[in-house]
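Asker: Listed here are the chains, written in short residue letters.
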Amino acid sequence: MIRVEGISHHFGTMRVLHDIWFDVPEGEVFGFIGPNGAGKTTTLRMMATLLEPAQGRILVGGYDVVERPREVRRILGFMPDGFGVYEHVTVQEYLDFFAAAYGILPTARRRTVEAVMELTDLGPLRDRLVQAMSKGMKQRLAIARTLLHDPKILILDEPANGLDPRARIEMRDLIEQLQQMGKTVVLSSHILTELSDMVSSVAILEQGRVLAAGPVGDIGRELRPERAVKVRMLHYPEGCEVPFRALPDVVGAERGPDGDLRILYRGGDETVAAIVRTAVDAGFAVVRVEPERDDLEHIFLEVTRGALQ
Amino acid sequence: MTEAAAPTEAPAPSPRGGRLGAWWRQKREDPNPILVKELRSSFRTKLFIRFLYLSTGLLALIVLLFGGSVASTSMPPAEVGQLVFQSFFGVALAVLCVFAPAHAAASLTGEREKSTYESLILTGMDPARIVIGKFLATYTLFAMVLVAFTPVVGIAFLFGGISPWNVVWGFYALLLFLAPATAYGVALSARLSSTRVAIFLALFTFAPFSGMATGALFGFGELATRQWGLGMEGPFWFTEALGSRFFEPDTFLLVFLMPLFVCGMAVWLFLASAIAGVRPASEDRSTPFKYWTVVAVAGLAVMLFGLTTLFEPPDMAEGGVVLLELAGFAILFVATIFQNEPPLPPRVWELRQAARGPLTRRLMLFGPGAGPTTRFAATVIVAACALFFLATAVPRWVWNPTHPENAAADVAGLSVALGHVAVGLFVLCSGALIRVLLRSGVAARVLSQAFLIGLIILPFLIVLLGEADGFRHMDDRTPLPIRFTPIFHLILGIAIVDDEELSRVVEVAAPVFFYGLMAFACWLALEGRVRRVRKEVDARREASERAAEERARRMQQSDATPEDVAAALARVGAADAATAAEIAGADAGEVARRSSAPPAPPGPEAPPEDP
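Chains as they are written, first to last, in my numbering: chain W, 1 to 309; chain H, 1001 to 1611.
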């Protein structure tokens, strides 16, 4: 749905993006992660036709963002980080204004605004002045505004920035709902826990370079071909690691800092099954067997070098 | 939400009222959303209501105090009424000149500062619609302020000396003047990013200009009062002229038509400038100015024709030449606004034109970009000079064919017109060349203006330093350096028509040849430079596309599974299956990781963005 081909950019003499390549598949929630100053917002603004890349090109829905900005804007909704709202209008007037700005005819406008308010749960607030709304509700209003022209792609720059936990959960639910409607959603954040439950693919950016991109599982497997499983027992007899080390796909077993037995292995779930079988055969009092997940935090820490720009 | 994606379409014109009626109905049912939103927001803020109360109260207080103090003198009541009338409109004009541009100057910068501008742009709304919405919103608000002022003018009627027509024409003038004031503010707002700077500039540039315009009105009032025997003095004398002699040709042309034309063209120019400011750099920004220029030149020619006919027969020859010389400012203005185009047309525009028919593609000859725009402006300059010459000469040929000064006036007019062409083309081409060489619009504009001013002033300084009384014989024996200033043809034109020395026409050959040749050289250099830039850009684009294709090809190859590669290698016997799988695994890993060190594209590095 979105293809980024070798884009580079500089502000004055400072180079902020270096030959960025990645694809966003259709219908996915794509996470764009990286530390502050990594170039996330610059890349997203280019995808949203607000900035032209100095080099390379971006295709959104098959349209080049530089050559066909109008077509791109028609299929794309963008919520920038630190967006503003018109304070002295009501929620309904605000959405009606943007619906008119999108060129929706007066006959269809009312129905469209109603549908979007229903989707974003803004219906009960329709007559409230925007200036009287909370930050979370304004964020919701901003997403509602991007949905008015029924875009196929949504780009949300730091959508949960500054929201309280409840508003974050509501935001996550809304994004899931949008994905179920078939929309491609690109999210950026530097808070990984915010994204980990939502995204299926990511691009990790640091100092203007993409360090890794693709499905989360693929990147995790590529980064760490050896996976780990933690085995908790009631007691840990002397030499309890030995039977596991003898298994063909196990590359190591040792007690971790939390006391659990940490077994490194290659291969898939059949190796985990063999580990469990070995523990039971050896008569160990197993309480829990927990495979370590390829979560975003681990991936991010391993991929990035940690230096901020 | 499916209906939301419906494109904007004008409703089909109904038989009732035709296209105009359909247009009006569409505007009434679906007005400019920016206008609606701005008015709604303004009426919900206390600031506007307070401003309305305060300004009306202050105006009433000033008029009452002034009227009271004048009435206590021995002045006849009719004159007191006229003074009160003048003071009312004077204060109302001052309020408009200060607050309307300042309010408009905050309109688009406010959107930028509150971070709502990008959301607005991304809706795909036409920049012209945004700008016109902002303009109409400020205009409507201040028109309402004027309506609120109306009862105060009733004080003048207590004393007499004015008629309702004076009031009607006074309000017409304020509403007319409000339009360029507002458009100027919007233009500043579109070009600047800070509201404070925009308001500051609006206040400190438009208010002094308005003061000067009011002073000029005083001056014209003196003349008009004497010429037309008007009873009212002061800057709003024209309300009486329009009320009492509207259908006289001189009043209609000078007091009604010309201000209407000037204000209308000013509004158009400011709004075109604002639209260009809102439009992204990748789109065509110069075409709105081109339409404006064509209409402005044609309108100015009509005005020159009309003004020449107003001269008495003995003054028609000299008056026509003076008007033609003054029209030189318009030529310079045209040259200046079109000398700042970037070397190449915007890519988006080129692609759109390429998709159109062959006839439309021919318009690319005059389209955006330094080369085509220079061609367009050069054509306009030549045509305008010819038109202006005819506009000032034809009245003389038709209504005063036997006047003895006609031959001298024709020769002088021809010299002035030729001079205008040569200097105009030189200013245009040299400025455009500096722009494509420097790549920075602001620096190029400053440099070309400084260059022009230097060319005008330097010869005079040389003469002054070389010969103390060098200016004494300016009319009959012009010093050589001054013959090469860009204003020599103006001096010569007046000299020819004053002294009736037709033979001096040859003197115009030197500056015309000099500036003409320089313009031609600059134009050749400009076209060469544009061609080089085009080649560089095309080469870079091709290199970039090649790199993208190469990268895409490699990515596609890497998508093969280890089994595919192993099978392929085993088929050709290049390696055994185990080795092949290892190789394939490494490729797949490369895909997943897509590290940040791909091969550098073969093309040269992109140059810094052209601001």
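Hints in this document: simulated from the structure, not taken from any laboratory.
Heads up, a few of these hints could be off.
[Said to hold, decoys possible] Covered stretches of chain W, going by a simulated chain H footprint (3 or more residues, C-beta under 8 angstroms): (1) 43 to 53; (2) 248 to 257; (3) 277 to 284.
[Said to hold, decoys possible] With a straight-line cut-off of 27 angstroms between C-alpha atoms, the simulated DSS-like cross-links for lysine-lysine are: (4) W:138 with W:152; (5) H:1046 with W:138; (6) H:1046 with W:135; (7) W:138 with H:1114; (8) H:1114 with H:1046; (9) W:135 with H:1114; (10) W:152 with W:135.
We put the CB at the ideal spot given by N, CA and C, even for glycine.
Asker: State for each hint whether it applies.
Answerer: Tested hints:
1. A stretch counts as covered by a chain when three or more of its residues have a beta carbon under 8 angstroms from one of that chain; for the region 43 to 53 of chain W and chain H the count is 4, and the coverage holds.
2. Closer than 8 angstroms: that is the beta-carbon criterion, and the region 248 to 257 of chain W has 0 residues meeting it against chain H, so the requirement of 3 is violated.
3. With 0 residues having a beta carbon nearer than 8 angstroms to a beta carbon of chain H, the region 277 to 284 of chain W misses the requirement of three or more and the stated coverage is violated.
4. Restraint check for residue 138 of chain W and residue 152 of chain W: the C-alpha separation of about 22 angstroms stays at or below 27 angstroms, so the hint holds.
5. This hinted pair checks out: residue 1046 of chain H and residue 138 of chain W have alpha carbons roughly 23 angstroms apart, not beyond 27 angstroms.
6. A C-alpha spacing of about 24 angstroms is found between residue 1046 of chain H and residue 135 of chain W, which places the hinted pair at or below 27 angstroms, so the restraint holds.
7. Restraint check for residue 138 of chain W and residue 1114 of chain H: the C-alpha separation of about 14 angstroms stays at or below 27 angstroms, so the hint holds.
8. For the given pair, residue 1114 of chain H sits about 19 angstroms from residue 1046 of chain H by alpha-carbon distance, which is consistent with the 27 angstroms threshold.
9. As the CA atoms of residue 135 of chain W and residue 1114 of chain H are separated by approximately 15 angstroms, the hinted pair is consistent with the 27 angstroms bound.
10. Taking the CA atoms of residue 152 of chain W and residue 135 of chain W, the gap is near 26 angstroms; set against the 27 angstroms cutoff, the hint holds.
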